[in-house]
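*Asks:* Take the two lone chains and join them into the complex the hints point to.
One letter stands for each residue in the lines below.
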Amino acid sequence: GAVVSQHPSWVICKSGTSVKIECRSLDFQATTMFWYRQFPKQSLMLMATSNEGSKATYEQGVEKDKFLINHASLTLSTLTVTSAHPEDSSFYICSARDGQNSYEQYFGPGTRLTVT
Amino acid sequence: QKEVEQDPGPLSVPEGAIVSLNCTYSNSAFQYFMWYRQYSRKGPELLMYTYSSGNKEDGRFTAQVDKSSKYISLFIRDSQPSDSATYLCAMNGGFQKLVFGTGTRLLVSP
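Here the protein sequences come in this chain order: A and B. Number 44 in my numbering belongs to position 42 of the first sequence; there are no gaps in the numbering. Number 17 in my numbering belongs to position 7 of the second sequence; there are no gaps in the numbering.
Bound-form chain B, shown alone (with noise of 0.2 Å):
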């Protein structure tokens, strides 16, 4: 069993919805949880960063973690066409390596 799972898609919707991607872990010593978008032949992109439970919100996105569960979410609203990326789920427990989910496609057409 992997650290991290992550669907890998591709997640296509409608511009506008609302995009939900997921991550389950299993190691309960993480407790930093960060999401990156990686466009094509790019490097990741740091989005959201959280510290143990509880969510956090920076304009579209939304970053949920329920340690309980071992679940994380990203949740986009009103997406557009330019977030069409892979979405890259990662977590550690401190100052450790950080653990890499598969990434999920996203594409959002116009």
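Bound conformation, chain A alone (with noise of 0.2 Å):
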């Protein structure tokens, strides 16, 4: 149980193009869902917090109009880079909270984003 899926797993874009992240829970409804990227042997650093139905919550430094979430049900969760540029090459992960009640987060297994 406790499954989270993210497509694609890899992705190369060119530069000033725009790449749909989508993260699934299986077998579970997510309240809530977590965006996070992680650069090369460094941890994971939260972008920001999803809620079903309501706007995403941003971590400070990030840019909500260039990194865009919907949250439009209790399994999938979408994160767009909008006109992407090289620095914005990173290793994308999502999470998702098994319902209201616990507290851990199960994580994707990751997309890797290159831009050209």
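Keep in mind that the hints were calculated from the coordinates and are not lab data. Do not take every clue at face value.
To be verified - Computed cross-link-like contacts, SDA-like style, restricted to lysine to any residue with a CA-CA straight-line distance of at most 20 Å:
#1 B:Lys107 / A:Tyr105
#2 B:Lys107 / A:Met47
#3 A:Lys66 / A:Arg39
#4 B:Lys107 / A:Glu106
#5 A:Lys57 / A:Gln44
#6 B:Lys77 / B:Ile28
#7 B:Lys107 / A:Phe69
#8 B:Lys12 / A:Gln44
What the hints assert, rightly or not - Example chain B residues on the side facing chain A (calculated, C-beta under 8 Å, incomplete):
#9 Asn37
#10 Tyr42
#11 Arg51
#12 Gly53
#13 Pro54
#14 Tyr59
#15 Lys80
#16 Lys107
#17 Leu108
#18 Phe110
#19 Gly111
#20 Gly113
What the hints assert, rightly or not - Each pair of labels, with its calculated beta carbon distance range:
#21 A:Trp12 / B:Gly69: 29 to 35 Å
#22 A:Val5 / B:Ser92: 16 to 22 Å
#23 A:Lys57 / B:Lys12: 26 to 32 Å
#24 B:Gly19 / A:Lys22: 33 to 39 Å
#25 A:Glu54 / B:Gln106: 15 to 21 Å
#26 A:Ser20 / B:Pro120: 24 to 30 Å
Positions of the beta carbon are idealized from the N, C-alpha and C atoms, including for glycine.
*Replies:* What follows is the structure, encoded as structure tokens:
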């Protein structure tokens, strides 16, 4: 149980284009999903927290107009990197919390984004 | 000072050794403590989850929390090459965001 999937697992795009990453909770309802960014050999950096049906809460320093997050259902959240630049190249990971009474977070496998 | 401190390693041990991984933290409000294992280019996998102080055992893994010292540990018995990964501690005070350590890279040699 508690499986989170991400799609795509790997994407290359050209500078200036937009890329959408999907995060799905497969066997539970996720009222809250989190988006992280991870650089090589570094820990996870929280970008934003999204609750189903409401606007995402972004961490300080994260551009909300650049990283668009939509949490339209209890099993799906999307992160869109708009007008991507090479410095946006990174490993993006989502996680989901199983319901309102659980403190555990389950992570997806991650999406590696390369902007050329 | 970071809220959570974790030695990045790498920690190299021979197969069969007992491994001790540790984190210290500064926020006394933290009550929920987790250990994640992350293989290269993969998402973190939840290994152990502990509330407040005490020990928790699951197979070869034991998690310890000492809130008085603000110190948590993960022990791995009979370590295997497949345990080679980065181990991340994480914690929070409840429904708040998780605060992660930097991760310790573990290498178990056959």
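*Asks:* Holds or violated: are the alpha carbons of Lys57 of chain A and Gln44 of chain A at most 20 Å from each other?
*Replies:* 28 Å, violated
*Asks:* Holds or violated: is the Cβ of Tyr42 of chain B closer than 8 Å to a Cβ in chain A?
*Replies:* With a closest approach of 5 Å, the Tyr42 of chain B hint holds.
*Asks:* Verify the interface restraint on Arg51 of chain B: the C-beta must sit less than 8 Å from at least one C-beta of chain A.
*Replies:* Because about 7 Å separates Arg51 of chain B from the closest Cβ in chain A, which is inside the 8 Å limit, the hint holds.
*Asks:* Below or equal to 20 Å on CA atoms is what counts here, so check Lys107 of chain B against Met47 of chain A.
*Replies:* 11 Å, holds
*Asks:* Just tell me: holds or violated, for the beta carbon distance of Val5 of chain A and Ser92 of chain B against 16 to 22 Å?
*Replies:* Given about 21 Å between the Cβ atoms, the range holds.
*Asks:* Holds or violated: is there a CB of chain A closer than 8 Å to the CB of Lys107 of chain B?
*Replies:* This interface hint holds because 5 Å falls under the 8 Å limit.
*Asks:* Let's test the interface hint: is any C-beta of chain A closer than 8 Å to that of Gly113 of chain B?
*Replies:* 5 Å, holds
*Asks:* Going by Cβ atoms only, is Gly111 of chain B closer than 8 Å to chain A?
*Replies:* Check passed: Cβ of Gly111 of chain B comes within 7 Å of chain A, closer than 8 Å.
*Asks:* Are Lys107 of chain B and Glu106 of chain A close enough, with their CA atoms no more than 20 Å apart?
*Replies:* Given that 20 Å is the threshold and the Cα spacing comes to 11 Å, the pair holds.
*Asks:* Take the C-alpha atoms of Lys107 of chain B and Phe69 of chain A, compute the straight-line distance between them, and say whether it is at most 20 Å.
*Replies:* Answer holds: Lys107 of chain B to Phe69 of chain A is near 19 Å, not above 20 Å.
*Asks:* Given a cut of 8 Å on the nearest C-beta pair, is the interface hint for Leu108 of chain B held or broken against chain A?
*Replies:* 6 Å, holds
*Asks:* Are Pro54 of chain B and chain A close enough, Cβ to Cβ, to be under 8 Å, as the hint says?
*Replies:* 5 Å, holds
Violation of the numbered hints given earlier is confined to hints 5, 6, 9, 15 and 26; the remaining hints are satisfied by the structure.
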